[in-house]
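Colleague: Here's the letter readout for the chains.
There are 2 protein chains.
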Amino acid sequence: MTKIVIVGGVAGGASAAARARRMSETAQIIMLERGEFVSFANCGLPYHIGGDITSRSALLLQTPESFKKRFNVDVRVFNEVVSVDAAKKTLQIKNLLTDESYEESYDKLLLSPGASPVKPPISGINNPHVFTLRNVADMDAIIAALIAQKPQHATVVGGGFIGLEMVEALHQRGIRTSLLELSPQVMAPVDPEMANILHRELLNKGVDLRLNTGLTAVDSCDALPAEPEATGAYDQPTAHQPTLKLSLSSGQSLTTDMVIMAVGVKPETMLASSAGVALGERGGIKVDSRMCTSDPDIYAVGDAVETPEFVTGAAALVPLAGPANRQGRIAADNMLGLDKHYSRTQGTAICKLFDLAIASTGLNEKALKRLQQPYEKIYVHTASHAGYYPGATPVTLKLLFDPKTGQILGAQAAGMDGIDKRIDVLAVAQRAGMSVRDLQDLELTYAPPFGSARDVVNQAGMVATNVLDGDEELCHSEEVAQPSAEQLILDVRNPPELVNAGAFPQALNIPLDQLRQRLDELPKDKELLVACQVGLRGHVAYRMLCQHGFKARNLTGGFKTFQMVMAKF
Amino acid sequence: MTKIVIVGGVAGGASAAARARRMSETAQIIMLERGEFVSFANCGLPYHIGGDITSRSALLLQTPESFKKRFNVDVRVFNEVVSVDAAKKTLQIKNLLTDESYEESYDKLLLSPGASPVKPPISGINNPHVFTLRNVADMDAIIAALIAQKPQHATVVGGGFIGLEMVEALHQRGIRTSLLELSPQVMAPVDPEMANILHRELLNKGVDLRLNTGLTAVDSCDALPAEPEATGAYDQPTAHQPTLKLSLSSGQSLTTDMVIMAVGVKPETMLASSAGVALGERGGIKVDSRMCTSDPDIYAVGDAVETPEFVTGAAALVPLAGPANRQGRIAADNMLGLDKHYSRTQGTAICKLFDLAIASTGLNEKALKRLQQPYEKIYVHTASHAGYYPGATPVTLKLLFDPKTGQILGAQAAGMDGIDKRIDVLAVAQRAGMSVRDLQDLELTYAPPFGSARDVVNQAGMVATNVLDGDEELCHSEEVAQPSAEQLILDVRNPPELVNAGAFPQALNIPLDQLRQRLDELPKDKELLVACQVGLRGHVAYRMLCQHGFKARNLTGGFKTFQMVMAKF
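So the sequence lines, in the order shown, correspond to chains A and B.
Okay, so the first sequence: first residue is 1284 according to this note's numbering, each after it adds one.
Okay, so the second sequence: first residue is 1284 according to this note's numbering, each after it adds one.
None of these hints come from the bench; they were simulated from the model.
Beta carbons: idealized from backbone N, C-alpha and C, even for Gly.
Errors might be hidden in some of the hints.
[To be verified] In silico DSSO-like links for lysine-lysine, alpha-carbon gap of 30 angstroms or less: (1) K1351(B) with K1809(A); (2) K1834(A) with K1807(B); (3) K1652(B) with K1286(A); (4) K1687(B) with K1549(B); (5) K1372(A) with K1623(A); (6) K1807(B) with K1843(A); (7) K1623(A) with K1652(A); (8) K1652(B) with K1351(A); (9) K1652(B) with K1807(A); (10) K1352(B) with K1834(A).
[As the list claims (entries may be wrong)] Derived DEER-like restraints, expressed as beta-carbon distance ranges: (11) Q1830(B) with N1495(A): 50 to 60 angstroms; (12) N1410(A) with Q1830(B): 51 to 61 angstroms; (13) K1807(A) with T1309(B): 12 to 22 angstroms; (14) G1674(B) with E1319(A): 27 to 37 angstroms; (15) A1561(B) with G1716(A): 35 to 45 angstroms; (16) T1538(B) with T1337(A): 36 to 46 angstroms.
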């Protein structure tokens, strides 16, 4: 009879417990959770704060009692593991309700402690009006503050998943919100020009977005109101006084009523260190593909571990629910003597922000640059479904691939509808080792309400294949922004489009449908940087021009991408 | 200079013309279209009839003039090709406006004639109130009849894509509608139990669904109204008199005002035959993977050709827009001397029916049975996204796979949301040659508004892998419907579920959470057919039981699938 002890009762730990019981009726399974809840829906916390999820209990997926009844798992909440003695295979545990300590032995130990919100060493960070959001207790505290203190203004620090979801939640509650982000963009998994789509959405919704801006200090607000005897306005209610004064890295200050710190998470490795198991280069627990640590009887899963990034195999921290669940299942099997393996992590992720969704899989361009890995990038802008059927909305897709082999390196997409689907398709194609050539031939569901006979993904495959085959030479917005004296921007859109959508700073405009008749207006000694609105007409023009002996390249993604790249926030 | 003549100006032909021009500025390209329009959105026709697409001109994607301007293609509408002389490489063409005939030569000929609606030899089929829907003219005729004759009742014959879309369109216009389908189910690409989801939806919307019912004769209605002098009701408007009387294979008759024949399409092969190129076993034009017919200078694409089915490689007719577009592109390249290849066809398709979508890819169970190919099937019922986030709706997924190798053979899904996405993911996985084991590890986009940490597709992969690994033995609804004396159905749902959702005809009910304590109530000498609502709790019970020495199998898809299988319409 194997005795399995699991530390941490949320995604990875709870999955492992359930799977272990399904695989073995005889195993003794103990799950220790320092908090009050096991198996709660941590991805749902911001949505309860924002009011989309009305019932708090909807977030509590299992209870210790339900786990016991169904899976015969001994769940002990409010039980914190203080240390691990790997040689003796014992744990020191503290019951947080009774303050009693006790020891528990294990045959196999699974660490699923998660990751904790980073709290940078900022003066005033422990002010009671500064919150983080990791678990149900944190959520309750934020909601209590919203009810009790009726903040009129909130400041979210950090523009990652939780930061953006909290901005939306606070906005939905009618609270004016500032978002501080230290880097030049929110949503680090995507590249800056894609993040600009989010920046615009935040501004459109009235969020006070401050990029390149960190929080340097939190002070209680000492601003005292002007009294009626000074203003003479005896019949006015006392004006709301902000609670906090924030000092910013920009030198400016900001008054606000509450702060949500969402600057990222760090793996909880205290127990792993106490057990003496190896940590990895990124500071997470090091595991092999069986989710086993350097100690053969200690396994680890979830936000606390490092897993190999899909393309490079480099160690990565990927704090996502899907991988945690699958890792828990694999660890359970292996603790019971099976031999299951976790494969590399693409980090596929999606975030809803107001009316938009943004998603990504694989490596982004920033990472490829950093890794000095050769890549090409293309952009496709098209409709979420057949343009002639009502409700179609724009989809923007960025595809990164190896310019020699066509290997899919990464993909990012943004829009109002169908974003999850396109990144899902590309994530499967990448994982299957398909090349961008294969994307042309994917047979995806099509009827006018759902897609197009040539889906965005097919189109991206066609463009990328043209590039691989030498049937299209691309240029990029960065080049079009600063053409050399030997280059000429040729805009093949129709004149009204230049007025409506905007024009390139300096370009010759010949509409595509006139181009064949007006070729003699073009210089043969210059390189033509051909551009249209999204890149499709530019491709037709490019093909025409290069067959007529012109030197030309086509701007991938056209003016629409150019705008994304050039936008300043 | 290559002279390319293209016969047919819609999906495949139009794609080929545009691609050919992009690849060659010097080619002479002529596109001959017997109808009035080229490159129209034929998939949109039912939606304009139903009123979703308000503007008729939205369906007309290109005109001869726009094609000429942009692609320098000589488009000749109302020009019908009468015959092909493959030896002389000439066409006989008739200008339908002037009735003049003329000859045109070609270097490369592309046949893209499409498929025409089957009009079975039924008495009265040419009645002016009987319509088919293939092109803009057909659509115009139907709309004209709707306006002029104000039908109160319509009859759609055939429950395929066009038939179902027409039922919805007519229903949306407030016309009571009967749907006749000769086979026991609508939507042939899916299996009967999946089609039952559509049958229910049709009945819920008030459609008069008649399965196993063919049309045998159409007669003008001779029913004369009772005159006021007989009824005494002088102040009543004359009652509406139905226009047609339909005789049905059931022996019944049906009065109606208009008939839409949508019993399928057959490839147009008249020209191919005239050219002497080979036809295939399914009656379509036979082409190689380069889309070349048996004549090296004649290519063919679209609904008229046979392509190899993905799993078996057998010749198949797949009249879908996506494949036609891709084939046109490939044919264009090859006519210009390149060497591009079309791969096998999965037949991925989707249909919207009122609030539902149903989609499929690969082979269905009916085909696998017919081919005597070994297969296993599983059903997963889960939510379109995290259940605790508002707006989640049920998704039903059926996955067919090779029980030895795990090869994905086919998939079908139905529900209100996220159906396109799931079948897209499975279509890519199948095309990539992934096994059902790989589905477990797919990293799909997850945030509560979009999916689940364990997506439907991941779950299907886990269930299938359990089956492959011998960690789960399945039973099917067909067996549960007729248990032998040596079998006992064990329903592990909670008693209120049996009341609300329905109960198995004869089953022992022990809720899962009591099962471990009540094992002694179970017979050791019988095979336990374990069942719950969707198959998840049944799996937990199955694992428990077989470890305690019971002989058991788990009902895949649970009671919900059982209901789908047993439903009678």
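Colleague: Determine for every hint whether it applies to the structure shown.
Modeller: These are the hints, each one checked on the structure:
1. K1351(B) with K1809(A): Since the Cα atoms of K1351(B) and K1809(A) sit roughly 28 angstroms apart, the hinted pair holds (cutoff 30 angstroms).
2. K1834(A) with K1807(B): Violated, because 82 angstroms separates the two Cα atoms, which is more than 30 angstroms.
3. K1652(B) with K1286(A): Status violated; Cα separation ~46 angstroms.
4. K1687(B) with K1549(B): With Cα atoms ~37 angstroms apart, K1687(B) and K1549(B) exceed 30 angstroms; violated.
5. K1372(A) with K1623(A): 23 angstroms, holds
6. K1807(B) with K1843(A): Not OK: K1807(B) and K1843(A) at ~69 angstroms, beyond 30 angstroms, violated.
7. K1623(A) with K1652(A): Roughly 34 angstroms separates the two Cα atoms, so the pair is violated.
8. K1652(B) with K1351(A): Violated, at roughly 43 angstroms.
9. K1652(B) with K1807(A): 64 angstroms, violated
10. K1352(B) with K1834(A): Holds - the C-alpha atoms of K1834(A) and K1352(B) are around 23 angstroms apart, at most 30 angstroms.
11. Q1830(B) with N1495(A): 50 to 60 angstroms: At roughly 59 angstroms between Cβ atoms, N1495(A) and Q1830(B) fall inside 50 to 60 angstroms, so the hint holds.
12. N1410(A) with Q1830(B): 51 to 61 angstroms: 54 angstroms, holds
13. K1807(A) with T1309(B): 12 to 22 angstroms: 19 angstroms, holds
14. G1674(B) with E1319(A): 27 to 37 angstroms: 29 angstroms, holds
15. A1561(B) with G1716(A): 35 to 45 angstroms: Given range 35 to 45 angstroms: holds, Cβ gap about 37 angstroms.
16. T1538(B) with T1337(A): 36 to 46 angstroms: 51 angstroms, violated
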